[in-house]
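Asks: Input sequences plus hints: build the corresponding full structure.
One line per chain: the protein sequences are A and B, in this order.
Quick note on numbering: the first sequence equals residues 945 to 1168 in our numbering.
Quick note on numbering: the second sequence equals residues 312 to 523 in our numbering.
Keep in mind that a hint or two might mislead.
With the C-beta cut set under 7 Å, the calculated list includes, among others, these residues of chain B facing chain A [said to hold, decoys possible]:
#1 L387
#2 D389
#3 E411
#4 Y445
#5 R446
Dumping the calculated DSS-like pairs for lysine-lysine here, alpha-carbon to alpha-carbon at most 30 Å [said to hold, decoys possible]:
#6 B:K363 to B:K513
#7 A:K1024 to B:K383
#8 A:K1125 to B:K383
#9 A:K1089 to A:K1125
#10 A:K1089 to A:K1079
#11 B:K383 to B:K363
Just so you know, the hints here were simulated from the structure itself, not pulled from any lab data.
As the structure is a prediction and not an experimental result, all values here were calculated from the model.
Virtual Cβ for every residue (Gly too), placed ideally from N, Cα, C.
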Amino acid sequence: MNGAHDMGGMHGFGPIDPEPEAEEPVFHHDWERRIMALNLAAGAMGRWNIDMSRFARESQPPVQYLSNSYYQTWLAGLEKLLVQTGLVSESELSSCRSEGQIAEDLAERVLTAEQVPTTLGRGDSFRMDDEVPAKFEVGDTVRVKNRHPDHHTRAPRYVRGHVGVVDRDHGVFVFADENAKGMGNRVPQHVYGVRFSARELWGPEASARDCVYADLWDGHLEPA
Amino acid sequence: MSEGRGNEHGHGHDHDQDRLSDTELRVRALESLLVDKGMVDPAALVETYETKVGPRNGARVVARAWTDPDYKDWLLRDGSAAIADLGYHGRQGENMYVVENTAEVHNLVVCTLCSCYPWPVLGLPPVWYKSAPYRSRAVIDPRGVLREFGTELADDVEVRVWDSTAELRYLVLPERPAGGEHMTAEELATIVTRNSMIGVEKVALPAREAAA
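Replies: Structure below.
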């Protein structure tokens, strides 16, 4: 979707103003630590995947997205996912009172303190073993399709319609744009590192030497 | 986001403080709801990302690459395996890709769409990395962004910006600073900054080492 999250190339946000590295804490408030942990714990229920999480966060109204801090966006996304998947009802969320325990099959999935290191250490499976043919080869010239879906996509606006060169075939991964639509939408596709010259993206005033690489799936690309 | 880090650590402004306390109340209420429903074990809300995972991991990877040419070759060829060999693996580091800074090429990593970042080697991202100014400008004005971090590059250096739009996670292998040839991998690891592994800074030798 053409949301406020798709920021590449926008103007007007001002200087970066980084906090000095040595002084920056991992969390600036205790509630940030808690919402991070709640996201991990609720994710263990297995009712959503990472692309559904991203879509829940980015599909807030743009004004809200832009005025939130990043962890406020994580809170908004988690509340949305809990209700969408039926883990929490609207009335439970508004009253903050439990109307019943989760089902037994879900209770078995509750993340315990002992499981946290293993769960985090194992990571998620984004790669797929399916032997799907690659539509493109390293060195091919490709164009990012000029498409503007109203659902989740990992092809940012600033590369759409532009021509780049396939720099690397990263192998077969679950296609994020479909995966965001719900569980059971694991479509295997090749992901490529595609190199775009800065001038192709930003015009003749950009540096002739510089370039941007984006990782894009077969579904985003067409021959150029 | 647009308010930069001010809204996240809230110095100063009364309206920010009010919003933050609203947020804090919402988070606490949600936490107690999820605990009551049996979905969350309060004991599991641990501090892994403050105690076990952070940029010191990445610094050890870089220092090893600087002192062991075979390891460096492996790291650039198969980042995930070479990094896992040092014990760093897991969520948001499943598919690592390491890019090398040289005298001719400078690499910079961003996630314009959200906050993708290699957790096992760098920990959780700093506020600026997730902020609108960095996400919007890194791809269109990388040299201006680098200048704000005090990094000036000559015109003949190629800047490569890596936008983390899929599940590959990028780590920059910074240039080893000249003059530290006598330093061990352990000593070198102490001078590798988080920012140098995102690509916004170069690694500098501390004055005492440069003089040694």
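Asks: Taking the closest Cβ pair, is B:D389 under 7 Å from chain A?
Replies: It is violated, given that the least Cβ distance between B:D389 and chain A is near 12 Å, above 7 Å.
Asks: Minimum Cβ distance from B:R446 to chain A below 7 Å?
Replies: 4 Å, holds
Asks: For A:K1125 and B:K383, compute the direct alpha-carbon distance and say whether it is at most 30 Å.
Replies: 40 Å, violated
Asks: Regarding the pair B:K383 and B:K363, is the alpha-carbon distance no greater than 30 Å?
Replies: 24 Å, holds
Asks: If you draw a straight line from the CA of A:K1089 to the CA of A:K1125, is it 30 Å or shorter?
Replies: OK: A:K1089 and A:K1125 at ~20 Å, within 30 Å.
Asks: Against the 30 Å threshold, does the CA-CA distance of B:K363 and B:K513 hold or violate the hint?
Replies: 25 Å, holds
Asks: Hint B:L387 vs chain A: min CB-CB distance below 7 Å?
Replies: At 12 Å from the nearest chain A Cβ, B:L387 fails the 7 Å test, so the hint is violated.
Asks: Is the shortest C-beta separation between B:E411 and chain A less than 7 Å?
Replies: At 14 Å from the nearest chain A Cβ, B:E411 fails the 7 Å test, so the hint is violated.
Asks: Does A:K1089 pair with A:K1079 here, judged by a C-alpha cut-off of 30 Å?
Replies: Satisfied, since the Cα-Cα distance of roughly 14 Å is no more than 30 Å.
Asks: Hint check: is the beta carbon of B:Y445 less than 7 Å from a beta carbon of chain A?
Replies: 5 Å, holds
Asks: Checking one constraint from the list: CA of A:K1024 to CA of B:K383, max 30 Å. Satisfied?
Replies: At roughly 44 Å apart (the allowed maximum being 30 Å), B:K383 and A:K1024 break the hint.
Of the numbered hints stated above, those contradicted by the structure are hints 1, 2, 3, 7 and 8, listed in ascending order.
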